[in-house]
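Top line first, the protein sequences correspond to chains A and B.
The opening position of the first sequence corresponds to residue 1 in the UniProt record's numbering, with each subsequent residue numbered one higher.
The opening position of the second sequence corresponds to residue 1 in the UniProt record's numbering, with each subsequent residue numbered one higher.
None of the hints are false.
Coverage of chain A stretches by chain B, computed from C-beta distances (three or more under 8 Å per stretch; other residues unrestricted):
| hint | segment |
| --- | --- |
| 1 | 39-47 |
| 2 | 236-247 |
Using C-beta positions, here's what the derived DEER-type ranges look like:
| hint | chain 1 | residue 1 | chain 2 | residue 2 | range |
| --- | --- | --- | --- | --- | --- |
| 3 | B | Asn391 | A | Arg168 | 18 to 24 Å |
| 4 | B | Gln369 | A | Asn294 | 46 to 52 Å |
| 5 | A | Leu153 | B | Arg57 | 46 to 52 Å |
| 6 | A | Pro141 | B | Gly19 | 44 to 50 Å |
| 7 | A | Arg168 | B | Gly19 | 25 to 31 Å |
| 8 | B | Ala427 | A | Leu153 | 18 to 24 Å |
| 9 | A | Ser194 | B | Lys411 | 19 to 25 Å |
| 10 | B | Ala42 | A | Glu142 | 46 to 52 Å |
| 11 | B | Lys411 | A | Gly53 | 45 to 51 Å |
Rather than coming from a laboratory, the hints here were simulated on the basis of the structure.
The beta-carbon is built from N, C-alpha and C at its ideal position, and this holds for glycine as well.
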Amino acid sequence: MITRRTVLGGLFGCGITVASPKLTLAQAATDNRLVVIILRGAMDSLEAIQPYGDPAFHALRGDRARTPDNGLIDLDGHFGVREELADLAALYRKGEMAIVHSVSTPYRSRSHFEGQDILETGGEGRPENDGWLNRLLTKLPEGQATALDVSDLPSLILSGEAPVRSWRPNTRVSTVQENARWLQALYHDDATFSGAFAEAMAAADDEGGSEEADRVRGLQALADLAGRALADSSRIAVFSLPAWDTHIGQDVTIRAPLKSLNVAVTALRDRLGPDWARTTVVAVSEFGRTVRLNGNLGTDHGTGGAMIVAGGAIAGGAGGKVLTTRWPGLAEGNLLDDRDLMPTDDVRRYLGWLIRDMFEVSPQVVAETVFPGVELGSPVRFL
Amino acid sequence: MVSMPDVAAIRFGYGLSPGVVPPPGAASLMRQLADAEPVPEALAGMRSPERILAFIREVQGQKDNPEAQMAARLKLTAARTEEQHTYVTAVVESPSPFFERLVAFWTNHFTVSAKVPLAGWVGPYQVEAIRPHVKGSFADMLVATSLHPIMMYYLNQVTSIGPNSRAGRRTGRGYNENLAREILELHSLGVEGGYNQNDVVQLALVLSGWTVARDTGLARFAIAAAEPGPKTVLGKTYSGPEASPEDAETALRDIARHPATARFVATKLARHFVADDPPEQTVAALEKAFIEHDGALMPVYEALVGLEEAWTAFGSKVKSPFDLVISTLRALDPDPAKLADPVPDGPRDNPWTVAGMRSMLQPLWMASQPDGWPDTNAQWLNGLMLTTRLNWLLYAAHQLGRNRDPVTFAKETLGSSASDEMLRVIATAPTREQGIFLALASPAFNRR
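Using the sequences and the hints given, assemble the complete structure.
This is the structure:
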């Protein structure tokens with residue numbers, strides 16, 4: 001048995017908080033890495049990954065629906081991705097990216113907080129007390145997998161009895177401008193406040209550009225850090241991307257978060273180098289959004305959505321495919337509650353089979369411990 | 001309609017706090033006031049003479065040793081920073097928020113400011129000259145503040161000499177009318193109160209001789225610097241051929257009893273507790289109580305909480321940054337250790353408290369003018385002020401509020417002042433932290 005000392009100080013500097021003592025690692029039978037990116041705010045899967053081959057899609061989204069003729073990057077003749085995800089599309093062509101579409105957690109009430117709790121705890125009807133990734137850690141051989149939580153506060157998905165390292169990036173999650181829509185609603189009935197706010201926004205408009213650049217830099221640093229930890233001794237990393245709640249002007253407001261996702265995955269790949277071949281990145285969101293646009297050219301909370309999977313590990317497996325248990329179609333009558341993309345499978349099932357492949361955990365352990373209550377059904381091969 | 005306990009807590013106090021039962025109405029509000037400890041234990045150690053002496057000896061006294069002088073300055077600044085943080089924590093935690101609000105009101109009325117280095121000891125000044133009299137008499141407070149060493153430094157009284165006094169004749173120096181003017185203009189009659197320039201000069205001459213002793217840091221009447229002969233202020237004459245230490249106090253008590261003082265004080269209280277432009281009947285009611293009780297303040301507060309408009313005009317006042325910081329911290333209820341001065345031996349201000357107020361352009365104890373901080377909505381609510389406020393609230397929500405349910409928080413923090421529409425908006429926030437931020441950014445939380 002070969003032991004390796006963990007290297008902390010030189011890697012992370014003074015931002016790190018070590019929640020566990022130094023670990024000695026056995027050289028693992030598998031050196032696979034998993035990154036989970038939580039897309040907070042409910043990503044519109046139909047905007048990010050457009051089913052342009054579905055005739056009902058254009059009927060419902062009108063000129064907001066794109067095709068390969070006007071900027072959409074084709075994946076498989078039926079689905080395409082927006083150009084903000086160009087690097088992910090390139091990975092798809094190399095067989096290193098996959099989409100799992102029309103999935104959701106068992107949750108049906110469309111509240112962000114509850115939805116995220118259920119996503120992170122892998123719960124059935126209600127959130128569990130600990131995160132599913134932490135439950136996974138308790139089932140891995142000691143020393144095989146150490147996890148890094150890149151977040152200012154402990155992420156629920158990694159909370160639990162297994163020790164986890166954390167790195168606190170100390171960035172502000174949102175800015176005044178990102179909250180503008182809600183502030184305008186709050187101030188609607190108060191003339192003094194709405195007047196002052198309009199003044200404030202007018203002044204802030206001049207400073208918009210530098211905020212974008214700062215955000216991209218911050219993200220690259222975040223993903224870079226996770227990547228370096230994974231290249232060293234960590235095997236699981238988690239971080240979040242915000243700003244997916246596109247209730248207004250979705251065509252425009254989704255650009256920034258899509259770019260963040262694109263930047264994050266690319267930065268991870270660049271940092272991981274040869275270890276990219278053993279890595280899977282999974283981006284999940286609490287639920288999808290309504291199929292029809294609302295009166296503000298945005299969408300509201302929905303149900304069925306997509307999971308994005310990327311990494312060298314899936315080449316030759318799920319890579320280069322859009323997986324769906326059954327594409328429900330978007331014609332009237334096929335929508336959930338006449339508004340949402342119908343989920344045709346449990347996203348935990350796909351996550352479960354991914355974990356089984358990545359960490360050689362038995363399906364029984366997945367169904368009993370990691371995602372209690374999940375129906376795993378027939379195997380899905382990721383690797 | 002906002003319930004009485006919520007108005008009592010939010011308008012008269014510093015907001016609702018989890019686990020703290022608000023006073024149900026006027027009577028319990030007055031009881032809370034009666035029971036209030038004028039000087040909370042945390043502040044009892046603040047003493048001005050030591051600070052003054054330290055400044056005189058170690059800063060002024062070491063002019064030829066700039067390094068030692070700088071070190072002494074930094075040490076004194078650090079001590080003041082600590083006092084600022086202690087004060088803010090004491091207000092956040094106070095069981096008598098109505099009393100603390102009145103303390104803050106009077107401290108602003110009788111402003112001293114760190115803009116003048118030696119006048120920066122606002123904490124000790126407040127403990128010595130304001131707190132003991134908030135529940136007492138206006139006249140006592142006027143005398144205590146006018147002749148307090150910190151005030152005398154702030155408004156240049158220490159260099160004011162009667163021109164015909166022994167010291168005046170010897171040095172050729174004269175009086176400084178700053179303190180006399182501000183007493184009349186800002187502290188008692190008010191600018192429309194009916195005094196004239198002659199009254200200002202005469203009052204300055206009455207006050208001459210009062211200074212700060214450099215060996216004790218205490219107020220001292222130096223007869224050699226006092227202007228001899230009678231002086232007439234607002235029609236009343238003080239002092240015989242020789243000046244006497246009682247003259248200033250006698251004159252100040254007469255000024256306190258002047259009818260214009262009652263009106264001026266009543267207007268300021270009405271502006272603070274009811275509306276920027278208070279109704280005449282409100283001012284008249286407080287004025288009447290002031291006059292009837294010869295400037296005793298408890299009956300005036302009693303009259304205030306007895307006014308219907310004080311309870312129904314809820315939301316008419318926008319919270320100042322100070323109000324906002326205190327009420328935010330009361331609502332978020334953080335571990336007290338988080339509110340302390342974070343760097344023990346350096347002048348670093350806590351972003352949740354002192355630095356927060358500065359970022360919102362109301363630096364604690366550093367009013368730029370002797371008239372103190374404005375008490376009108378227009379001053380605190382415009383594009384720039386709202387931006388600074390929202391940025392601080394984003395910070396507070398990020399640091400202190402991330403794992404709470406926003407709707408529950410909004411209901412607990414705002415009680416009956418939270419509208420259904422507001423709760424609906426908060427419930428749609430994409431993250432809990434943003435939901436908390438929205439609750440704090442709401443008009444309901446920013447008004448009282």
